[in-house]
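Visitor: Spelled out from the first residue to the last, the chains are:
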Amino acid sequence: MNINLTMFSQALSFAILIWFTVKFVWPPLLAAIESRQKTIADGLAYAERAKLDLELAGKRSAEILREAKEKAGEIVSHGEKRASEIVEAAKAQAKIEGDRIILGAKAEIDQEVFRAREQLRTHVSAIALAGAGKILGREIDAKAHNDLLDKLVAEI
Amino acid sequence: MSTEQVLTPSSYIEHHLSFNVKQVAEGGFWSVNFDTLAVSGLLGLIIFGFLWWVVRGATAGVPGKRQAFVELLVEFVDDQVKGIFHGERHKFVAPAALTVFVWVFAMNSMDFLPIDIMAWVYHHIFGQERFRAVPTSDINATFALALSVWLLMIFFNIKVKGLRGWTHELFCSPFGAHPLLWPANFLLNLVEYVSKPLSHSLRLFGNMYAGEIIFLLLGMWAATGLAGTIFGALLSGGWAIFHILIVGLQAYIFMMLTVVYIAMAHESH
Chain A
1 MNINLTMFSQ
11 ALSFAILIWF
21 TVKFVWPPLL
31 AAIESRQKTI
41 ADGLAYAERA
51 KLDLELAGKR
61 SAEILREAKE
71 KAGEIVSHGE
81 KRASEIVEAA
91 KAQAKIEGDR
101 IILGAKAEID
111 QEVFRAREQL
121 RTHVSAIALA
131 GAGKILGREI
141 DAKAHNDLLD
151 KLVAEI
Chain B
1 MSTEQVLTPS
11 SYIEHHLSFN
21 VKQVAEGGFW
31 SVNFDTLAVS
41 GLLGLIIFGF
51 LWWVVRGATA
61 GVPGKRQAFV
71 ELLVEFVDDQ
81 VKGIFHGERH
91 KFVAPAALTV
101 FVWVFAMNSM
111 DFLPIDIMAW
121 VYHHIFGQER
131 FRAVPTSDIN
141 ATFALALSVW
151 LLMIFFNIKV
161 KGLRGWTHEL
171 FCSPFGAHPL
181 LWPANFLLNL
191 VEYVSKPLSH
201 SLRLFGNMYA
211 GEIIFLLLGM
221 WAATGLAGTI
231 FGALLSGGWA
241 IFHILIVGLQ
251 AYIFMMLTVV
261 YIAMAHESH
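Chains as they are written, first to last, in our numbering: chain A, 1 to 156; chain B, 1 to 269.
Please keep in mind that the hints were generated in silico from the structure rather than gathered at the bench. Keep in mind the model is a prediction, meaning the values are calculated, not measured. Misleading hints may appear alongside valid ones.
Facing chain A, from chain B, some residues (calculated, C-beta under 8 Å) [unchecked claim]: (1) 38; (2) 90; (3) 197; (4) 198.
For lysine-lysine, the following BS3-like pairs were computed, each having C-alpha atoms within a straight-line distance of at most 25 Å [as the list claims (entries may be wrong)]: (5) B:91 to A:95; (6) B:82 to A:38; (7) B:196 to B:159; (8) B:196 to B:161; (9) A:81 to A:95; (10) A:81 to A:71; (11) A:38 to B:91; (12) A:38 to A:23; (13) B:91 to A:106; (14) A:59 to A:38; (15) B:65 to A:38; (16) B:82 to B:161; (17) A:81 to A:91; (18) A:23 to B:65; (19) A:69 to A:59; (20) B:22 to A:23; (21) B:91 to B:196; (22) A:69 to A:81; (23) B:161 to B:65; (24) A:95 to A:106; (25) B:91 to B:161.
Here a beta-carbon is modelled for each residue, glycine too, at the ideal position from N, C-alpha and C.
With the rest of the complex left out, here is chain A (with noise of 0.2 Å):
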């Protein structure tokens, strides 16, 4: 148990190897370690964000959803407004248009009217130019009556 040359190697076997752990062991290894410690903290902050992204993102997605609804609905009630109102106008438009038929028909009836009549009356002109021919006896000459009888076909 005594002092010898022994320590002396020892001490530089013991430079050697701090000489060797300071230089190839310590740095590589603390550098991947760091390396992956920033990865770690950077996934987790982005994590992190992507929660709060998400939030966010369901915080709109409802309120687009309820805008959506909203306007939906608005729609929905301006189309039925829209139809009443089509009804509405169809229903004049057909008022209208009746009436305008109904119109027309009358007037067509009542030249139709005017029709009959002068031809009834043209009629009954010749009935009773045949019926005064057949009591006369004798045929009128048409000629000479004509004045006459249009006279008569006017008081018709």
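Assemble the complex: chain A is given as a structure, and chain B must be docked to it using the hints.
Guide: Using the frame of chain A, we list chain B on its own:
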């Protein structure tokens, strides 16, 4: 164990506690304990080779089990250093602490080798009559470590505070800067500087040496017959299990003291 001589307890213990001394030159000092150097050097090569191998393949991505183990070790040491040393620790102090911890732990662990089986191996396979496998139970090894740390301490004292600052501290602290107090200050600092490497090295040496001696004493139960052998083996097993704690603890304490001494050198009073 040589069979020629009569085996007595004292010769048994003495045999196990003698170093494999190789004389380098004339004189008591010029010799080396071959066993201490060989075992510590081999352990250093294996362990730091292993660390280097792992670190070379280290990835910043998902680490393998091997890398995770080494990282665990590094982070453990780094955490300890972080608590004591306030400064740029990655440049020297933390890796030095890792070196100390790992190496001392490995050298202490040699205590777990079964002494008598290993003695047979040394004798019959390596042809060594005397061989002590635990480098940290050699006062030379622990003194070498402690004195290296001591030199580092003085180096950092001068580097951080300058030669003047350090001399000033030697004479003016802890009591005060009054000239009458200089001798007292210096005396106290002297005692401190002498006691630091002594306590540092002797603590480790004493623990490991005592552990070895207890293994030897328990090994002597084998001399009392079969029952004694079994009893001694059981006790040795128990002591070995308890010794795991001592091996780890002493390595840890040695590392912590190393860091504390170097940290103290960085702080001015």
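Visitor: A separate judgement is required for each hint: does it hold in the structure or not?
Guide: Comparing the hints with the structure gives:
1. 38: Check failed: Cβ of residue 38 of chain B comes no nearer than 11 Å to chain A, outside 8 Å.
2. 90: Holds. Min distance 6 Å.
3. 197: violated (11 Å)
4. 198: Given a least distance of 13 Å, the restraint on residue 198 of chain B is violated.
5. B:91 to A:95: violated (102 Å)
6. B:82 to A:38: Answer holds: residue 82 of chain B to residue 38 of chain A is near 19 Å, not above 25 Å.
7. B:196 to B:159: Distance ~19 Å between residue 196 of chain B and residue 159 of chain B Cα, so the pair holds.
8. B:196 to B:161: Since the Cα atoms of residue 196 of chain B and residue 161 of chain B sit roughly 20 Å apart, the hinted pair holds (cutoff 25 Å).
9. A:81 to A:95: Cα-Cα ~21 Å, so holds.
10. A:81 to A:71: OK: residue 81 of chain A and residue 71 of chain A at ~15 Å, within 25 Å.
11. A:38 to B:91: The hint holds at about 20 Å.
12. A:38 to A:23: OK: residue 38 of chain A and residue 23 of chain A at ~23 Å, within 25 Å.
13. B:91 to A:106: violated (117 Å)
14. A:59 to A:38: violated (31 Å)
15. B:65 to A:38: holds (21 Å)
16. B:82 to B:161: Status holds; Cα separation ~21 Å.
17. A:81 to A:91: holds (15 Å)
18. A:23 to B:65: Holds, because 24 Å separates the two Cα atoms, which is no more than 25 Å.
19. A:69 to A:59: holds (15 Å)
20. B:22 to A:23: This hinted pair is violated, its Cα atoms lying about 33 Å apart.
21. B:91 to B:196: holds (24 Å)
22. A:69 to A:81: holds (18 Å)
23. B:161 to B:65: This hinted pair is violated, its Cα atoms lying about 43 Å apart.
24. A:95 to A:106: holds (16 Å)
25. B:91 to B:161: holds (18 Å)
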